[in-house]
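> I would like the entire structure built from these sequences, with the hints used as guidance.
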Amino acid sequence: MRNPFSRFISISPVSLCGGIVAVLVVSYIGLIAVVMSYAALTVEFSQSVKNVEATVATLESEYLAIVANITTTDYTAKGYTLPIAKTFVPAKSVTALR
Amino acid sequence: MRAQFRSRIRFILFFLILAALGILLRLYFVQIVHGQAYSDKADRQFASSDSRLFDRGAIYFTRKDGTLISAGTLETGFLVAINPQVLSDPETAYAAIAAATSSIFITRDAFLSATAKKNQVYIEVAHRLSDADGMAFAAKNMPGVQVLRERWRYYPGNSLAAQSIGIVSYGSGDTLTGQTGLEKIYDGTLSRSGDSLYKNFFAELFSNVGNLLVNAKDAREGDVITTIEPEVQIRLEYDLKKVNQRYSSKESGGIIMDPSTGAILALASYPSYDGNDLRSVDPMLLGNPLVEHVYEFGSIMKPLTMTAALDAGAVTPNTTYNDTGCITVDTKQICNWDLKARGVIPMQQIILQSLNVGAAWVATRLGQGTFRAYFTTLFGQKTGIDQPNEGRSLLGNLAKPQQIGYDTAAFGQGIAETPIQMIRALGALANKGAMAQPHLVSAIRLNSGIVRSLDWNQTTPVFSATAARETTQMMTALVDQKLEQGRAMIPTMSVAAKTGTAQLTDGRGGYHSNRFFHSFVGFFPSYNPRFIILLYTNDPRGVEYASETLDATFLDLVHFLIDYYAMPPDRGFATSTPS
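Chains F and L are the protein sequences, given in the same order.
Under the UniProt record's numbering, the first residue of the first sequence carries the number 1, and numbering increases by one thereafter.
Under the UniProt record's numbering, the first residue of the second sequence carries the number 1, and numbering increases by one thereafter.
One should not assume that every hint holds.
Stated by the list, open to error - Pair ranges (Cβ atoms, derived):
id	chain 1	residue 1	chain 2	residue 2	range
1	F	V26	L	K64	56 to 62 Å
2	F	G18	L	L25	52 to 58 Å
3	L	A139	F	S37	40 to 46 Å
4	F	G18	L	V30	28 to 34 Å
5	L	I17	F	S48	38 to 44 Å
6	L	F11	F	T42	35 to 41 Å
7	F	S37	L	R279	42 to 48 Å
8	L	Q403	F	K78	56 to 62 Å
9	F	P83	L	S280	40 to 46 Å
10	F	V26	L	P143	42 to 48 Å
11	L	Q179	F	T72	25 to 31 Å
12	F	L31	L	I17	19 to 25 Å
13	F	T55	L	A552	38 to 44 Å
14	F	I70	L	I450	33 to 39 Å
Quick caveat, the hints were computed from the structure, so don't treat them as lab data.
Even glycine gets a Cβ: it sits at the ideal position worked out from N, Cα and C.
Next comes the structure, spelled out in structure tokens:
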């Protein structure tokens, strides 16, 4: 009876080395692909973070401008009057606004 | 069978080599032949990165609820550069660039002279184009005109806290670095080396595992979190601008600080500048006068003189003296502000009526050695605030034997201090006799994500808590009884304050008789203060006393802070109080 593994055992060293080289080449290309993808994604994410930060900065600039506008507006000149009285109420009071 | 296998292998190998050659050829064209074009195109794309792009950590304000608001961050856009060797029609190019940008752009003459430099291939002519403008202009594909990605420092608050935040510029080198303010002090934290995105993860993994796990840069680089509250800062700046314009002062400044921790909530000076537009800024404004300049503050020094005397046991609150209105010391005359005598009065009246003769009497009673020791502790050292170029006080008169130097120092003339030194010293009255260390930055948020709090807990004890409290009582009585003839009193909040008016030096060893430096200090609630406020206005016109210029500003800030922080009443609690 013929050994079912005999055809593998009979592979020559050259073929074996060729196979190993092929596997290594594929692995190498795979590693390069992973490294490139990693670098590209890192750069892209980093840039994305910077872009979001810039967008947030624009919003923050608007917020600060609005606060400045509220601060510098003369509400008396716009027809509003100061409150007649400021009233303190106990925090536990049911009527206290929160 | 074996021959067939070999032929298949060779066949596959042939195709692999062919594919490899194809890839190599393609790479040659992509990287060598068209490399520059692709690089330029990548620079214009939003999701690309370039190691030349400026990078820097952020500086944050801290709102009262702990929310961080950017004080200094980065903005991304485009710059326009020309290649004079390729640019054929400069007039058309100039018109197109001018139409595309409303940002920083060189003049027409400068542009035309740049295009004449045919030995150069790259000259930047416009900066800070918005994304929309840059994209639209790049789509025109003008020969000899390049549109490239650019990133720059951006201050969302424009002029808000500009002198404290500082600026970045090239300085003497070819790298953008912090030149003033926090940008300079924390430059090591905010700077970025820019190579972190370009290292090979696997190469690092095999060659430098330690550095990958614990990166030294991650422990150093980060963002700066300040103690500045943006809305309080806006209010202070607005009030200072108003008072400065109203009285045509040379300059005005103010600091709001937590006296128990030294955390500065607002620090402002007027005039200032817009950190986003430095083209026409007076270089003198780039520094921080509240930290760098020294002034003679006048009568806000009296509470310190009084506390020193109380602490040393030289006087008690019930001690009396005979106020004659004017006295002569070392052939020089010292008088009260109104030249009037008060007769025999207790110590509290020195603070309430701001009596120079009384302050001089206290200084004499204290003795030169003791007086010098207290004032050297208060002002002899820099505060150590995290701002560059901090100034030193001028205490030369306290090194001389003439009593006149001590007597005038007792009411804030003849010695000069920085505003930051002054608020630290006066903060001791509000902090049970101990000076806290003023600071603008509370923490560093490292790139690793760790937030490292800075240690500013060192305090300098100067007075006993009892002496500080006794002076606080006098200052509180001043607000309740004297300030705006008692109308400034807040029934539900105790406020301690003192005004100061100093004559300005004339530069010839004397003083102007009609030019003044006004100052104002106050803290509240008086006996457990959350805030101390120091204000000054330099050389206001048409007005003599600080009680006329700065009391409204001070009271506006007090009411604003009470409302903004919803501070509970500390006295005379009533269900309804007049507004």
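> For a quick check of understanding: which of the numbered hints are violated here, in increasing order?
The structure conflicts with hints 2 and 3, although it agrees with all the remaining ones.
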